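Using the sequences provided together with the hints, build the complete structure.
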Amino acid sequence: MNRLSRIALAALVVPALSLASHAAERISLDGPGWTFKTTLAEKAEPVTVPHSWPADEKYRRYIGHALYERDFDAPTLKPGQIARLHFDAVYDVAQVWLNGQHIGTHEGGYTPFEFDITKLLKPGVNHISIEVDNTPTLTSIPALAAGVPSIDHPGPYGTANRITIVGWMPYGGIVRPASIVITDAVYLRNMKIDTKPNLKTGIATIHLRAWLHNAGSSAATTTVQGEIATLPVHLKPTRLAANADAEVTWTGTLRNAHLWSLRDPFLYTAELSIPNDDLTANIGVREIRVEGTELKLNGHTVHLYGANRVGEDPKEGLRESDAILERDLSDMLADNMRMMRIAHYPQPPYLLDFADKHGMLIIPEAGNWNFSSWQMADPGVRERFKKQMKEMMEQDWNHPSVVAWSVGNEYESYTPQGRDWTRDMRAYTLSLDPTRLITFASRYTGDPAVKTGADEASQYSDFVSINTYGGYAKRFDHVHQLYPNKPIFVTEFGKMGEPGLHDPERIKDITDAVTAMKERPWMIGGSLWTWNDYRSLIKGTPANGIRSWGVVNIDRERRDSWKAVQKLFETELP
0 MNRLSRIALA ALVVPALSLA SHAAERISLD GPGWTFKTTL AEKAEPVTVP
50 HSWPADEKYR RYIGHALYER DFDAPTLKPG QIARLHFDAV YDVAQVWLNG
100 QHIGTHEGGY TPFEFDITKL LKPGVNHISI EVDNTPTLTS IPALAAGVPS
150 IDHPGPYGTA NRITIVGWMP YGGIVRPASI VITDAVYLRN MKIDTKPNLK
200 TGIATIHLRA WLHNAGSSAA TTTVQGEIAT LPVHLKPTRL AANADAEVTW
250 TGTLRNAHLW SLRDPFLYTA ELSIPNDDLT ANIGVREIRV EGTELKLNGH
300 TVHLYGANRV GEDPKEGLRE SDAILERDLS DMLADNMRMM RIAHYPQPPY
350 LLDFADKHGM LIIPEAGNWN FSSWQMADPG VRERFKKQMK EMMEQDWNHP
400 SVVAWSVGNE YESYTPQGRD WTRDMRAYTL SLDPTRLITF ASRYTGDPAV
450 KTGADEASQY SDFVSINTYG GYAKRFDHVH QLYPNKPIFV TEFGKMGEPG
500 LHDPERIKDI TDAVTAMKER PWMIGGSLWT WNDYRSLIKG TPANGIRSWG
550 VVNIDRERRD SWKAVQKLFE TELP
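Take 0 as the starting number for the sequence shown in numbering that gives the first Met the number 0 and just add one per residue.
For the record, the hints were derived by calculation from the structure and aren't laboratory data. Keep in mind it's a predicted model, so treat the numbers as computed, not measured. Errors might be hidden in some of the hints.
Dumping the calculated DSSO-like pairs for lysine-lysine here, alpha-carbon to alpha-carbon at most 27 angstroms [unchecked claim]:
id, residue 1, residue 2
1, LYS566, LYS507
2, LYS191, LYS386
3, LYS314, LYS57
4, LYS517, LYS295
5, LYS517, LYS473
6, LYS507, LYS538
Next up, the structure:
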């Protein structure tokens with residue numbers, strides 16, 4: 000392992016949050032000072048973290064292991080303090096060492112994780128090593144797709160010559176920020192705030208769940224307090240056993256609640272604290288529900304359109320700064336993109352912050368991408384998915400823009416295993432968050448095996464989501480016949496090709512799709528595939544490595560279809 004020159008981080012120690020008078024310290028590990036080396040390279044090279052190695056042309060097609068290392072300075076911990084090493088995301092499998100000791104492994108390239116490093120952290124110079132592997136497997140999340148119908152090849156693995164990599168780049172690396180968090184032994188793990196407005200009276204019920212952890216070797220007592228949506232929060236002292244968790248709850252009544260909507264995305268502030276630690280969030284008071292074949296936001300019927308966005312910058316890859324997200328989402332907003340299954344995987348927190356602030360409806364999705372029946376029956380795959388689903392939800396569940404959770408994309412939903420998966424993952428997701436709707440992106444409602452709605456897993460969706468390309472009116476009518484009492488949303492539609500800026504065929508395809516949606520009141524909208532062109536290693540990608548599905552190209556230049564979409568997607572905002 001190559002040691003770096005000593006990097007002093009004292010200037011990077013900042014308060015994590017500002018509610019408590021003595022808030023946690025956060026030592027940023029972002030920026031220069033790291034080295035990076037693949038197993039094929041002769042020597043390490045300096046990089047800046049966050050880092051996404053396939054963004055570099057010489058590593059564009061590299062799939063395998065890489066080693067990240069750096070030295071950093073740490074302060075002397077005060078008696079009773081603990082330190083946690085936190086990562087917002089590392090793609091995909093991360094094995095972490097501190098000062099030569101292996102401290103843990105995490106699998107899942109888009110969700111946050113952390114380790115307690117109190118016993119290994121030294122005052123002064125420390126050394127961190129992270130081995131990162133972006134190799135997809137048949138049982139990872141997302142996984143290699145078996146590529147054949149399970150009814151033709153019952154398996155367990157289908158046929159090897161049809162196995163398919165995911166359709167977007169496996170952007171290996173420390174792709175989101177990393178830091179060390181120093182707190183007292185008792186700290187706040189998370190909070191979940193649910194709002195339930197009465198649309199007639201204007202009164203909203205605010206419900207809080209907060210989780211605390213005592214990492215110390217002796218029992219301790221702490222008091223949670225704060226303010227949520229202008230309401231003071233004062234809870235009785237909470238006793239925590241050593242190395243134990245505790246949950247506290249609170250319910251308040253907010254009169255004359257200012258509702259969050261797309262037309263008026265009003266946000267309240269939530270602040271929660273204990274001595275030397277705190278949490279903050281922006282929340283919205285809004286009601287989302289299904290009534291017959293309608294989706295309603297605050298009692299108003301929703302007919303909205305948007306687009307999927309493949310998360311990559313042409314220069315930075317998956318290392319998406321807030322500025323990159325602001326640039327891209329602002330263009331999507333200008334194109335009247337308001338409701339979308341945004342991508343096949345969990346998103347950076349800033350994307351949902353933007354959606355909250357500007358009035359967008361988002362359907363986050365964990366990485367069940369094109370699973371075959373045997374994959375969905377595999378106990379290890381199921382547990383891996385649940386873990387990453389939970390990590391995504393715990394990061395995103397306070398965002399008012401999140402209106403539904405998706406439990407996957409284009410898996411074999413017509414099989415018994417696909418139906419079982421949807422039923423079981425619906426129940427699991429609702430056990431964590433009963434306040435939101437459940438759906439998934441289906442491509443099998445038109446399969447010959449599906450004779451009635453009971454033959455396909457969309458029976459367990461609160462609204463049916465379908466991916467379809469061409470033949471729009473006929474496909475929409477067929478799905479409505481299967482599920483006449485459910486709203487239908489199009490999670491993917493569009494046309495690949497026409498890499499230049501003039502794309503009349505794409506305009507015609509999108510126009511046909513949106514026209515057919517607008518003619519059917521039970522269609523609640525659609526999410527175009529895609530807003531942007533993107534790189535890929537999947538078979539069928541053009542020689543330049545770019546799949547040209549977008550209304551903007553990979554350099555964010557607008558095609559003619561961007562203007563057409565702006566007009567087609569213009570709708571009255573609820």
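- Task: Could you work out which earlier hints the structure fails to respect and list their numbers in ascending sequence?
- Result: Those not satisfied: there are none.
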